[in-house]
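> One line per chain: the protein sequences are A and B, in this order. Numbers 1 to 153, taken from this note's numbering, label the letters of the first sequence in order. Numbers 1 to 292, taken from this note's numbering, label the letters of the second sequence in order.
Some hints could be false.
According to the in silico footprint, chain A covers these stretches of chain B (three or more CB under 8 Å from chain A) [stated by the list, open to error]:
hint, region
1, 22 to 28
2, 50 to 57
Quick list of the computed label-pair ranges, beta carbon to beta carbon [to be verified]:
hint, chain 1, residue 1, chain 2, residue 2, range
3, B, R189, A, S41, 28 to 34 Å
4, B, E146, A, P81, 22 to 28 Å
5, B, D119, A, P137, 23 to 29 Å
6, B, K72, A, P137, 37 to 43 Å
7, B, K245, A, K128, 37 to 43 Å
8, B, R280, A, D7, 47 to 53 Å
9, B, K245, A, T121, 22 to 28 Å
10, B, D119, A, Y23, 30 to 36 Å
11, A, S41, B, D172, 29 to 35 Å
12, A, Y23, B, E131, 32 to 38 Å
It is worth saying that the hints were derived from the structure and are not from the lab. All residues carry an ideal CB built from backbone N, CA and C; glycine is no exception.
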Amino acid sequence: MVRANPDFAKQLNRIEKAGNLNYCYQCSACVQECPAALRFSDFNPREIVLCALLGVADELIGENSVIWQCATCYNCYERCPQKARPVEVITALKNLAFETGNAPEQITALRESVLNHGTITTLSDSMKKRRDELGVPAISLPEAGLLKKILGG
Amino acid sequence: MAQKELTLFPGCMIPLRYPQIEKAARFFFRTIGVEVSDIEGFTCCPEPWNVKGAGLTEWLTIAGRNLGIAQKHGGDLITLCNGCYSTLKEAKHAFSSDERTVEEVIKRIKSTDLPKPGDIRVLHFADLLSELWEPVISQCVKKRLEGANIAIHHGCHLLRPADVMKFDDPFDPEVLERIIESLGATPVRYRGYTDCCGRAILHRDKSLDVASAKLDSMKQAGADCVVVPCPACFEQFDLGQVEIKRKTKRVFDLPVLHFSQLLALALEADPSSLGLDYHRVPVVDLVSKFLS
């Protein structure tokens with residue numbers, strides 16, 4: 001049996017006001033122009049907000065969750081008459097999925113690259129050559145591991 | 001109005017994957033007389049869907065560090081990327097909130113000898129076009145693109161969330177159309193004008209399906225090329241066309257330019273100096289056909 005957990009929404013990160021989900025009245029204005037909803041039958045921002053509100057979110061923050069298909073296009077943010085901000089609810093759910101080790105490999109790898117190198121990718125030899133050919137100034141890349149210091153243990 | 005001295009926030013994608021966009025932008029800044037300085041210490045903005053998806057607090061801390069560095073060593077920031085623009089502008093906005101997490105992030109940034117982030121402006125290349133067009137840039141235009149039909153793709157994060165980005169209407173943007181018209185070209189409206197490029201959708205086939213739908217709609221509206229303000233959208237449409245062809249056999253042959261490249265051409269940069277041959281969809285015919 002599925003158990004509801006009304007306290008679940010309190011766990012959602014509030015930096016970007018994902019807490020506004022309480023105002024959602026399930027009107028579906030967020031669904032119509034959602035590029036992910038148009039392409040994935042199980043991706044529906046209205047339902048995702050409802051699941052977060054009811055605390056029925058094990059699947060959403062579990063492995064291979066559909067939340068990672070969100071295009072972060074912010075159409076739902078603009079269309080929502082209640083300022084419930086579905087996209088921020090989805091980001092907060094992604095954070096919970098990441099914390100429990102359920103983020104997709106690509107996401108973890110990209111974050112690791114930023115933490116280790118300071119950038120999402122490194123400077124390849126061919127790109128260094130291209131920069132020289134174009135005559136753009138030499139690039140000064142961040143010191144390795146620099147961000148780990150500020151982020152603390 | 002935008003200042004004439006700015007600090008470049010280079011980001012990752014342009015310097016490390018598409019330096020030809022950086023080349024065009026530097027030519028543009030020099031030609032219009034805006035001094036853009038490079039300072040050391042910036043990292044990835046960080047990227048606003050994956051890194052932000054992994055952890056908002058971490059995302060905000062790294063963004064705050066970048067803003068703090070700009071505040072301490074430089075000035076108002078100029079970026080060529082919607083991702084950097086969105087992260088830095090949203091973070092700046094978040095730093096004015098009184099959420100406890102935000103206060104803790106500010107404390108952490110101050111502990112590294114950087115100021116509380118928030119007192120500088122974050123400008124996109126498109127802001128500069130809008131703010132300096134009449135007084136400065138329009139007078140530097142030497143070449144026109146008479147007869148070209150141009151499909152603008154704004155990219156989501158230049159426009160939305162509109163209450164934070166404050167660039168233009170999130171579903172009926174006009175600012176960049178005026179720029180295209182001033183260059184003698186025609187901005188074409190097409191179905192799904194402000195839709196996403198699909199880049200952030202994790203499932204690659206579906207992601208390309210979003211790009212494909214937009215390219216198709218641009219073609220139907222008679223576009224000769226796509227102009228974008230963002231390297232992620234650039235990659236999705238330029239490299240994306242190669243992937244789409246491989247996977248679905250659909251061919252669009254629609255050249256893609258970053259706004260900085262279009263402007264460099266209009267300001268009479270030598271096209272052969274701009275590295276346009278690094279683009280996957282050839283640009284050369286477009287340049288010879290319309291640039292006069």
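> Hint by hint, say whether it matches the structure.
To see whether the hints hold, each was checked on the structure:
1. For the region 22 to 28 of chain B, the stated coverage by chain A is satisfied: 3 residues place a CB nearer than 8 Å to a CB of that chain, which reaches the threshold of 3.
2. Remark: the region 50 to 57 of chain B is confirmed as covered by chain A, as 8 of its residues place a Cβ nearer than 8 Å to a Cβ of that chain, reaching the required three.
3. Here the CB-CB span from R189 of chain B to S41 of chain A is close to 31 Å, well matched to the stated 28 to 34 Å.
4. Between E146 of chain B and P81 of chain A the C-beta distance comes to about 44 Å, which lies outside the given range of 22 to 28 Å.
5. Distance hint check for D119 of chain B and P137 of chain A: the Cβ-Cβ separation is about 27 Å, which falls inside the suggested range of 23 to 29 Å.
6. Checking the proposed 37 to 43 Å range against K72 of chain B and P137 of chain A shows it is violated: the Cβ atoms sit about 21 Å from each other.
7. Our hint of 37 to 43 Å for K245 of chain B and K128 of chain A is violated, since their Cβ atoms are close to 29 Å apart.
8. Judged by the Cβ atoms, the range 47 to 53 Å given for R280 of chain B and D7 of chain A holds: they are separated by roughly 50 Å.
9. Checked against the hint of 22 to 28 Å, the pair K245 of chain B and T121 of chain A passes, with Cβ atoms roughly 24 Å apart.
10. Look at D119 of chain B against Y23 of chain A: about 32 Å separates their beta carbons, and that is inside 30 to 36 Å.
11. For S41 of chain A paired with D172 of chain B, a C-beta distance near 30 Å keeps the hint of 29 to 35 Å intact.
12. Restraint check, Y23 of chain A to E131 of chain B: a C-beta distance of roughly 35 Å satisfies the suggested window 32 to 38 Å.
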